[in-house]
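Colleague: Residues per chain are reported as follows:
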Amino acid sequence: MRPAWIVVALIVIVAIARLRRRRRAPARPPASRAPRDRRHPLGETGLVAGREIRERLRGRVFRVVTALLFLAIAAVIVIPTLRTTSAARATVGVVGGSSTLDDGLTALAHRVGLEVRLVDEPGLAAARAALRAGRIDVAVDGSRSVLLDKALAATDTSARAAFVREVSLSLGAQGAYARAGLTPSQVAVVAGAKPLAVVSLEPAKRPATASETTALLGVILNFIVLTQYLTWTLMGVMEEKASRVVEVLLATVRPLQLLSGKVLGIGSVAMAQAASLVVFALLLGRAVGSSFVHGTAPLVAAATLLWLVLGYAFYSWVYAAAGSLGERQDQVQSMALPLSLPLILGYIVSLVGVSSGNPSVLVKVLAYLPPTAPFAMPALVGFGEATWWQFALSVLTSAASTVVVAVYAARIYRRAVLRTGGRVRLSQLRRAPSAAS
Amino acid sequence: MGVTRRFGTITALDDLSFSVPSGRVVGFLGPNGAGKTTAMRAIFGLTDLDAGSVRWDGRPIGARERRRFGYMPEERGLYPSMLIAEELTYLGRLHGMSARDAAVATARWLERLEVADRAGDTVESLSHGNQQRVQLAAALVHDPEVLILDEPLAGLDPTGIDVIGEVLVDEARRGRCVLFSSHQLDQVEDLCESVTIIDRGRLVASGTVDDLTTAGARRLAVRVEGDRDGAWAAGLDGVTVSEIKGGEVRLVLGTATSDAVLDAARAAGRVTKFDFERRRLSEVFRESVGA
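Keeping their order, the protein sequence lines are chains A and B. If you read the first sequence in the working numbering, its first letter stands for residue 1, the second for the next number, and so on. If you read the second sequence in the working numbering, its first letter stands for residue 1, the second for the next number, and so on.
Chain A on its own, in the form it takes in the complex (with noise of 0.2 angstroms):
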């Protein structure tokens, strides 16, 4: 018998006992007339965060800083390659060329970082022709001359004009060994002169791999989309309370759905936005040929997103509570700042540690700890310097410590968010009671 038979069967089985079930139980007193209930799916919970996550995707904030997310990600993606792209080309006419002279030129690109196609020119009038036709960007005249459509700028620091001043030093200087009567092996022994090697103490600093890139990226990414959607749940905690709409609420939702259902659909709206910018950058760089979606940063870019996740679930619960104990919404940056340093320090000692291309000992240790791994871990695994079940570790470690958050922050805003006149202080809510179960 095939698996999907047994289920079906395995349902029906089920289906029948129940009803079964169902028939032999006493007929129990029929309740008094209530209405069909037709809620969401998700129950009162769903409904409130269907409403965040519509007010949310409506107000003119979210919108702005989406667009600017997006363009500031295509800046860092995109620059880039254009930039190494338009490096370097350009086609080279050359009149009375030789391949001794042409191996030079090709030679003097080379250092320059520019790639040369050398074009032959029957003369010196052919070659001005080509030049200001715009097929060729410059002519080199045999040894006597060097032919620009326009002059160089002092400013211009292109490869173009490097290989063009490198050609001019490089053939006067040709000519003037010549002159000197040296014969063509001591012109190549010194045209080849090689300057002396310049030994530092200190080891050169490494470039940037794609993935460490991707985790400076992600860590700025999470403190941007942090800091913005956290303080989002503690204004609209506070805008409830402030609001009294929360009395109302509470009339027929409990604290906990409210405040789960808050801190979901904002949370929802984040990852959206987070997972939408890193998937239009891995697109993006894909298109672009950029180096960001090669070897380990697509890992690393999921590591940012678990991390937005679980820094998202930690915080929330901490911000929703201490929007209940607000009054007014003028307290929100008094409110928000204590809560945002372990933030910052988390968000500053990871980018330092990401910047520097060597993360420190305190980074390490960062990521473990449930207020900062957010920021630590993603920049660990950027350079891969977290084992998988270091990883494993730091993300039950930041679960276990949201589940208790959770627990003692669901306890102050019960018993704060329907007290007014004032600012709650927590000492006065030691043994007051909760003003909804």
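Treat the hints loosely; a few may be bogus.
[Unchecked claim] Derived list of chain B stretches under chain A, where covered just means 3 residues or more per stretch with a C-beta under 8 angstroms from a C-beta of chain A:
1) 57-70
2) 87-94
[To be verified] Which residues of chain A face chain B? A partial, calculated answer using Cβ under 10 angstroms:
3) Gly50
4) Val245
5) Glu247
6) Leu249
If you are wondering where the hints come from, they were derived from the structure by calculation, not from laboratory data. These figures come from a predicted structure and were not determined experimentally. The beta carbon of each residue, even a glycine, is placed where N, CA and C say it ideally should be.
Given the coordinates of chain A, work out where chain B should sit on it, guided by the hints.
Modeller: Quick look at chain B alone, frame taken from chain A:
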């Protein structure tokens, strides 16, 4: 056992017990700080009780029952920047309605409360009176079986009072329980069949308006032509003169009979008015709370 709620040393509800019958508009009266709002919040579980419980149909009230109640708190509460129609639909859905039913009910109530043209506006853009109407719509949108309204008439102009008053009476006629608090006793007397009066968290009077206003000593309003000062009543024994205004004497019968009063008035001149009067609800209230 009634419900008791203490805030520190203050007893907001002191073994308070009363019932609200369905099909009637019941006024919930009391001086400031009497415990009206605390009692209403207790119905919705918005404040814990130190003793007693609130029951409906003989059963303790839980989350399921509360979805069938409508509540208008004293301090109005709606999302200020949310669109009115969306907000009401959202509240309807929280009470168990489908999105479509909630939208239909929202349109119906906004029409009934004469604010349908503001459905696409935000609450904060409305005048106080219209906000009050929308707040009432929020309490009604899910067709509740119990309506608990804290000061629904406060700050309304006469038109607004008429509109909301009609809605409350109609809901009661449909068999709903309607309990509302107010300090506007004239309006309460016009709208309510019954009142419950509390003071310092205790029940001090409860019953139909007719029973409460006709209970106790009988009252008379007598006018004697030409006697603007009511001098004829000065020497009457067995009565208490409560008011003399524009020649009309209001008095409360004690040991004297109404016949004796009529005789005394006739002796003073031509009697142009001789009415048995009910007490005003405001008088019942003042007597009940000792004001």
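Colleague: Checked against the structure, which of the hints given earlier come out wrong?
Modeller: none
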